[in-house]
Structures are given as structure tokens and as C-alpha cells.
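There are 2 protein chains.
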Amino acid sequence: MLKDKYRLQIPGPTPIPPRVQLAMSRPMIGHRDPDCSRLVREVSRRLGPVFGTQNPVLLLTGSGTSALEAAAANLLAEGEEAAVVVTGAFGDRFANILNSMRVKVHRLDVEWGKACHPEQLDAFLEQHPRVKAVFLTFCETSTGVLNPIRELVGRVRERTQALTVVDGVSCVGGVPAEADRWGIDILVAGSQKALMLPPGLAFAAVSDRAWNAMETNPHPRFYLDLSNYRKSLEKDTTPNTPAVSLLFGLKEVLDMLDEEGMETVFSRHRLMMEMTRAGIRALDLELLTEDRDASPTVTAVKGGKTWSSEDLRKELRRLGLRVAGGQQHLKGKIFRIGHMGYADPLDVLTTLSALEVALARIGAPVETGAGTQAAEEEWIRVSRADHRSVKQTGN
Amino acid sequence: MLKDKYRLQIPGPTPIPPRVQLAMSRPMIGHRDPDCSRLVREVSRRLGPVFGTQNPVLLLTGSGTSALEAAAANLLAEGEEAAVVVTGAFGDRFANILNSMRVKVHRLDVEWGKACHPEQLDAFLEQHPRVKAVFLTFCETSTGVLNPIRELVGRVRERTQALTVVDGVSCVGGVPAEADRWGIDILVAGSQKALMLPPGLAFAAVSDRAWNAMETNPHPRFYLDLSNYRKSLEKDTTPNTPAVSLLFGLKEVLDMLDEEGMETVFSRHRLMMEMTRAGIRALDLELLTEDRDASPTVTAVKGGKTWSSEDLRKELRRLGLRVAGGQQHLKGKIFRIGHMGYADPLDVLTTLSALEVALARIGAPVETGAGTQAAEEEWIRVSRADHRSVKQTGN
Numbered sequence: 001m002l003k004d005k006y007r008l009q010i011p012g013p014t015p016i017p018p019r020v021q022l023a024m025s026r027p028m029i030g031h032r033d034p035d036c037s038r039l040v041r042e043v044s045r046r047l048g049p050v051f052g053t054q055n056p057v058l059l060l061t062g063s064g065t066s067a068l069e070a071a072a073a074n075l076l077a078e079g080e081e082a083a084v085v086v087t088g089a090f091g092d093r094f095a096n097i098l099n100s101m102r103v104k105v106h107r108l109d110v111e112w113g114k115a116c117h118p119e120q121l122d123a124f125l126e127q128h129p130r131v132k133a134v135f136l137t138f139c140e141t142s143t144g145v146l147n148p149i150r151e152l153v154g155r156v157r158e159r160t161q162a163l164t165v166v167d168g169v170s171c172v173g174g175v176p177a178e179a180d181r182w183g184i185d186i187l188v189a190g191s192q193k194a195l196m197l198p199p200g201l202a203f204a205a206v207s208d209r210a211w212n213a214m215e216t217n218p219h220p221r222f223y224l225d226l227s228n229y230r231k232s233l234e235k236d237t238t239p240n241t242p243a244v245s246l247l248f249g250l251k252e253v254l255d256m257l258d259e260e261g262m263e264t265v266f267s268r269h270r271l272m273m274e275m276t277r278a279g280i281r282a283l284d285l286e287l288l289t290e291d292r293d294a295s296p297t298v299t300a301v302k303g304g305k306t307w308s309s310e311d312l313r314k315e316l317r318r319l320g321l322r323v324a325g326g327q328q329h330l331k332g333k334i335f336r337i338g339h340m341g342y343a344d345p346l347d348v349l350t351t352l353s354a355l356e357v358a359l360a361r362i363g364a365p366v367e368t369g370a371g372t373q374a375a376e377e378e379w380i381r382v383s384r385a386d387h388r389s390v391k392q393t394g395n
Numbered sequence: 396m397l398k399d400k401y402r403l404q405i406p407g408p409t410p411i412p413p414r415v416q417l418a419m420s421r422p423m424i425g426h427r428d429p430d431c432s433r434l435v436r437e438v439s440r441r442l443g444p445v446f447g448t449q450n451p452v453l454l455l456t457g458s459g460t461s462a463l464e465a466a467a468a469n470l471l472a473e474g475e476e477a478a479v480v481v482t483g484a485f486g487d488r489f490a491n492i493l494n495s496m497r498v499k500v501h502r503l504d505v506e507w508g509k510a511c512h513p514e515q516l517d518a519f520l521e522q523h524p525r526v527k528a529v530f531l532t533f534c535e536t537s538t539g540v541l542n543p544i545r546e547l548v549g550r551v552r553e554r555t556q557a558l559t560v561v562d563g564v565s566c567v568g569g570v571p572a573e574a575d576r577w578g579i580d581i582l583v584a585g586s587q588k589a590l591m592l593p594p595g596l597a598f599a600a601v602s603d604r605a606w607n608a609m610e611t612n613p614h615p616r617f618y619l620d621l622s623n624y625r626k627s628l629e630k631d632t633t634p635n636t637p638a639v640s641l642l643f644g645l646k647e648v649l650d651m652l653d654e655e656g657m658e659t660v661f662s663r664h665r666l667m668m669e670m671t672r673a674g675i676r677a678l679d680l681e682l683l684t685e686d687r688d689a690s691p692t693v694t695a696v697k698g699g700k701t702w703s704s705e706d707l708r709k710e711l712r713r714l715g716l717r718v719a720g721g722q723q724h725l726k727g728k729i730f731r732i733g734h735m736g737y738a739d740p741l742d743v744l745t746t747l748s749a750l751e752v753a754l755a756r757i758g759a760p761v762e763t764g765a766g767t768q769a770a771e772e773e774w775i776r777v778s779r780a781d782h783r784s785v786k787q788t789g790n
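Same order as they appear, the protein sequences are chains A and B.
Numbering of the first sequence is given in the working numbering, commencing with residue 1 and proceeding in unit increments.
Numbering of the second sequence is given in the working numbering, commencing with residue 396 and proceeding in unit increments.
Isolated chain A (complex conformation) (with noise of 0.2 Å):
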């Protein structure tokens, strides 16, 4: 078979989209030319609408936790406490960081594969009032949750004076997210998911507020300190040397959004997720999580009973297509596919029939091809729902 020809359908690093690839091969420039200036200032505003934010979007390099670190390491510091809503790694990923600076964490764990709901939050605050900031996790990569934050940052902000801190980092792009509106005051995200661009670059939504706290706050911090990034960008420039072929790929990446509209890339991904989910259970798997907590950028599936769905990975591997596996206590449990970025309907066709074929070569009980079709289905009867939708606007 083809050795190097294969699709990568797991939840980050996503395709590179080939003109976005072009972009990022430009001659270098200097991180101080005025050329780099204007991509800075042009991106970081360009991205404000994909986070929902009024301010330029704070660009930093480094991968996905280095930005939920600066969340963390500007907001808070020893001895002051912090409550963690914890669906999985990633949420697990912010009580480490924010153990490692000896804050006082208050965790709400929640079962993985469920999301966190505001009521089960609300509960949590009254039990913790000193809180200073509470961290979030939108969509959960680990366990593909998308957890409710517009309502979830609503009872903080309701209930309590805390600030909140969320990890965006697998869905911004594909999912629409209004920092401002919903009142978040660092909202993060990398680059390397629905963004469409390898790693590199991570990106921090910052409100008034959390500015305000981070000006007296003494935990130590050098190249993680946001409020650098912020008189930086004031100059058109970083502190440091950013990722420059992936500032080109980013403008290229906005552009991309723009031509498609914001609206259409979230609708393409919930019907990537609607596609993803009816040809798993019309294949007999199940799925971790539930519609109502369902993310429309990564689907999470169980193994079965007489199969393991590593081998399946593997074999799906040989078949030119590749998934995740599960995380931490899942880890052999589940496998994960990604629908996000630069990811079509086709896409999530070609991964139900490389499944199919796959499930039945290790010998898993599969009905072939019964994925697939639930799946166009949906397709097609969303398309015709679309088409009906647009003559009901013409008339």
C-alpha cells in the first residue's frame, strides 16, 4: 500500500490546508521588519471575532498548555485558591499546572465522558467562596465534551466575583464562542486544531478584569507573562521571537474563514459530528458521551467486548487512516476520531468505510457499510433541510 498516503482524523495536529501549507513556506523575514509588524497587528485583530473579543487576541508561541500555563501563572499565585471543573485530561492538565505554583485547588470532578452542568457548579461555588478564578474546559479533547460555558461562566459571573479561565484550546474555530458576551476573562486556544495550523502558536482572550488582578499579582513569570504580550502588541510586535511562517499561515487560515463564513464552518462541524455519531450507532458502537454534551469537533468511542480498540487503531492505521486512543484510564478503552479544521462530510464518509472495513478484519462482528449509509443519510436530509431553509428565505 501506500505508505506515506494516509488521512489524519484524530483531535489535533489537524491537515494543513495545502494553500495555507503555500503560505507558510514565504521567505523568512525578520521578527522586527515593519512586514512583521503589520501580520501581527493584522492577525491578532483578525482573530478577535473567531473568540468573540473586541480586543486583539494576545499571540504566543508555544503549544496549547503553554497558554493555559499564562492563564494560570497571571491570574493566581501561592496560597490563593482556584477551583478546577475537571471532564478529563485537559481539565486534570490545569489542576496540575495549578498545583505545580502551590495554589490551593479545589477540584469538581466530573465522570469523563459527561460534561459539567451548571448546576452541579453552582453547588461547587457555595461550597468554595474564596475561589479567586475558576478553570474551564470547553470541549474536552480526551473525552470529546463540549461542555456548556456560555452557562457555566454565567453562574461564576452570577453567583460569585471570580474570574474564569477557558480552555479552548480543540474547538475555537469550530464552534462559536463569544468571550465578551459570555463574560470569560482569558479565553485560550492553539493552533494546531480547528484552526488549522501545525503547533505553535498559542492564543489568549483577555478581559479588563483579568488584566486588573494580573497587575498585582506576584507569582514569578517571564516569558509567560501576558501583560508583555499586551504592551508588545501595542507596538505591533511580541516580546520574543514568535513562530513567523506560522503568523503567514494564519493570515492565510483567517482568510480561509472569512471566504467560507463563520456561520457555515460551525454548521459544517456540527454536521460532521451528527454524520460522526449516527454511523457509530448504526455500526452497534457506543459512544462516550451523550448528544446534549456531544462536541462537534471530536467524537470518542468505546472498544467492545470482543475486540480491542487498539488493534483496531492499528489496523485502521495499515488502512491509511488514523484515529486517537483514549487517555489515561481510558487509554485502551476508546478511540477518538477528530472532525475539525480543514474536515469535510466526505471525511467523516471515508472514516465510517475505512471502520467498517477495519472492524472486520480483526474479526470485530460489523454489518459493513451500515455506518456509511446512516451517515450520508444524515447528510442528506440535512442538505435538504439547507435547501428548504434557503427557498423559505427567497420567498
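Hints are computed from structural coordinates only; laboratory data are not their basis.
The structure displayed is predicted, hence computed values, not measured ones.
Quick reminder that beta carbons are idealized off the backbone N, C-alpha and C, glycines included.
Treat the hints with care, as some may be off.
[Stated by the list, open to error] Derived coverage of chain A by chain B (criterion: at least 3 residues anywhere in the stretch with Cβ under 8 Å from a Cβ of chain B; other residues may be distant):
no., segment
1, 10 to 23
2, 260 to 268
3, 315 to 323
4, 344 to 350
5, 355 to 362
6, 367 to 374
[Claimed, not checked] A short, non-exhaustive set of chain A residues, derived as facing chain B with CB atoms under 8 Å:
no., residue
7, M1
8, L2
9, K3
10, D4
11, K5
12, R7
13, W379
14, I380
[To be verified] No farther apart than 30 Å at their CA atoms in a straight line, the calculated lysine-lysine pairs in the DSBU-like style are these:
no., chain 1, residue 1, chain 2, residue 2
15, B, K400, A, K251
16, A, K5, B, K709
17, B, K697, B, K400
18, A, K333, A, K305
19, B, K646, A, K5
Mind docking chain B on chain A? Use the hints.
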């Protein structure tokens, strides 16, 4: 939808492997530079096994048609007689080229969609004893027919002194070709089909008999004078400036073919053909070509009675997948699926599932999932058989 994401399932140009694209991005070199000479020497020799010849393969800069014309222009002159077996648009092109040279052309017209069978050729050759050369098409791109070239060339060699010219443009690299053993005098191919390159290079494998015939041929020629290519190749170069970046890519393609192994390349193409045909049949669509005449590189499918194949093609394009239409009198009556070069079985499944959705969306009768299922079952069956044969070899 993602406007620039599409699957190119036409019978050429075919998708370019990323590593080939990268190789072609290398800095330009002069065409008389020693590095370019080494490259010309290497690729012309390494192409030999792909064409089944001990001789270095000539490298022309031009489309496939330039090599078809080169074969004609070097072997024949005004007033001489040639036989052309026309099984579709590309056999017809050979006849047009020869007519433009004022060669006396005897056409053996075979119904489009069928191969020429050796008995038909026998009878035809008897009627035309003075033909100097017989022009044959290996894979007829316009119909998806693979003519039985080994047998046809064998009959010509057995019964006549005529030279044989074979158009292998849309299959060499995807099916076994043995120019020397089968007695083909000129076998030509293009870069943009099973050889996974952009258009711009054409190739010719030439026998000693053909070189002898060329020596005395008075037909005027300059750019397409094959003897100049031969003389230049003896000095590891080309008579004119070659498409250097395509030569960079060709070296990478030859590495890929070596790494996969030609037998595996051929069985991958056969599998894609079988999967496509199984899928099309399961969808109750009509194949243009019978199994025994079918090419592993391209499959033609008839349009329906209640829907237009052009509407289907447009809808597929909207979904993110491109197939070709019919040519000449088959225009609007068939569509053609390419499955060659940088293509794998998952591409066939993607194509079939897209086809199912597109048929439904244009209101054609379709059982969603049925084609995908049949193709999956074919893949599963073949992989089980391969597994058994590996096991047996192991015993």
C-alpha cells in the same frame, strides 16, 4: 463548505504525493549542470523496469500527445500505410496525427467500451498487408478499456513485419508493461497519470527495430526527432531544456515505486478496479465495460435513464470530489472515475459514498451505503485471500 478541499478522481492529471510536491520545490538547477546530467541519467535508467525495457527511456518535455506524435513522425512518412486500432478517443487521436502527416491510415474501429480482441486484429491485418506500423492503445482513457496489448502485439509480430506503437499514457506505472518481451517497438507514456507527476513530461521506450526504421524516414521533424533524444541521452542530457522540476519529482516517484514494489503497485490498482466495479454494480448503475476488458486505472459508468450524468458530476463537485465526463459521442452519457497513481482503496470508498450522496441529492434512485458496502466486502475478501497466501508461502 471548504471550497479548496477536493478529491481528484479523474483519469489524469492525478493527485501529486506531498513528497513529490516537495521534491519539485527544490531550487532550480541549470539543465547543462552536472547535477542535472546525473538526474537525467538516473531517471532514464530507472524508468526502464517500469516500461519493461533494458534501454534507457527517452524523456520528452511535452504532453502525452507529443510522444504519440513523436512515435508516428519518426516511423512513418507521407504516402506510407499505417493501421490504427481505434477503441476510443485516444485511438482516434493516433489516426488524426497520422492523417495530418498524410499517411494512409487504415482504421480498425471497435465499439467504444469494448477492447480489441486478437481475432479482430488478425482479420484486419490480413486485409492490409502493406502497413508499416500498427498503432494500439493500451488503456483507452475515454472508455476505461484495457486492450490486451501483449496478445495484440504478439499477433502483429507473428503475422507481419509491421512495427508496433503503443499508447500507454493512462496505465504505464499502474499495470505490468513489458516493452522488450512483448515486442513493442515504441511504448509511450505521460507523467500525469499512474506516474503521479504533474503534466509536462512524456516518455518513450524504443526498440532497435524502431531505431533502424527511423534512420531512413524522411518525415520532417525537429523537436520530436527521437534520434536527438537518443544521442543526447548517451551524454546524459536532453536535446532541449527539459522540465527540470518534473525530473526532481520523477526521481521521488521512482523511489516511491521501489519502496512499495511494482507487484504491490499493480495489485493495488487491480483492487481499486474491483472495488469500484463491485460498488457501481451494487448501486444498480451500468458499467460501460465488461470485466474482461476493464482497466485497473479508470472506470467508466453510464448515466441513468432519469438523471443526467453531468448533473451528477456537478453535484459530486459540490460535495468535494471530481470525476470526469465522457468524450466525443459519449459526452453527457457516461462519467469516468480515475483510480490510479497516488490513490488507494480508501479513495474508492470515498468516491462511492460521495456518489451515493450525490445521486440522492439529484433525485436519482439510490440505495445509500450499498455501493460502499460492496466495495468494502471486496477489499475484505481480497485482504483475507492475501493473508492466506502469505500464510501458505510461510509454510
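Okay, the hints, checked on the actual structure:
Taking a C-beta to C-beta cut-off of 8 Å, the segment 10 to 23 of chain A contributes 3 residues in contact with chain B, enough for the three needed, and the coverage statement holds. Proximity of the segment 260 to 268 of chain A to chain B, defined as three or more residues with a beta carbon under 8 Å from a beta carbon of that chain, is established by the 3 residues found. Coverage of the segment 315 to 323 of chain A by chain B holds. Counting CB-CB distances below 8 Å, 3 residues qualify, and the rule asks for three or more. With 5 residues having a beta carbon nearer than 8 Å to a beta carbon of chain B, the segment 344 to 350 of chain A meets the requirement of three or more and the stated coverage holds.
Only residues whose beta carbon comes within less than 8 Å of a beta carbon in chain B count, and the segment 355 to 362 of chain A has 4; three or more means the coverage holds. For the segment 367 to 374 of chain A, the assignment as covered by chain B holds, since 6 residues bring a beta-carbon within under 8 Å of that chain's beta-carbons and 3 suffice. Of the supplied interface hints, the one on M1/A holds, with its beta-carbon coming within about 6 Å of a beta-carbon of chain B, less than 8 Å. The beta carbon of L2/A comes within 5 Å of a beta carbon in chain B, closer than 8 Å, and the hint placing it at the interface holds.
Interface restraint check for K3/A: the shortest CB-CB distance to chain B comes to about 7 Å, inside 8 Å, so the restraint holds. About 6 Å separates the beta-carbon of D4/A from the nearest beta-carbon of chain B, less than 8 Å, and the hint is met. Because the smallest distance between the Cβ of K5/A and any Cβ of chain B comes to about 6 Å, under 8 Å, the interface hint for this residue holds. The restraint placing R7/A at the interface with chain B holds, with a minimum CB-CB distance near 7 Å, inside the 8 Å limit.
For W379/A, the interface hint holds, since its Cβ comes within 8 Å of a Cβ in chain B; the closest pair sits about 6 Å apart. Residue-level restraint check for I380/A holds (minimum Cβ-Cβ distance to chain B is 5 Å; threshold 8 Å). Proximity of K400/B to K251/A is assessed by CA-CA distance (about 18 Å); at most 30 Å being required, the pair is judged to hold. Using a Cα cut-off of 30 Å, the hinted pair K5/A and K709/B holds, with the two alpha carbons roughly 27 Å apart.
Between K697/B and K400/B the alpha-carbon distance is near 27 Å, which keeps this suggested pair within the 30 Å criterion. The straight-line distance between the Cα atoms of K333/A and K305/A is roughly 10 Å, inside the 30 Å bound, and the hint therefore holds. For the given pair, K646/B sits about 18 Å from K5/A by alpha-carbon distance, which is consistent with the 30 Å threshold.
The structure fails none of the hints (numbered hints given earlier).
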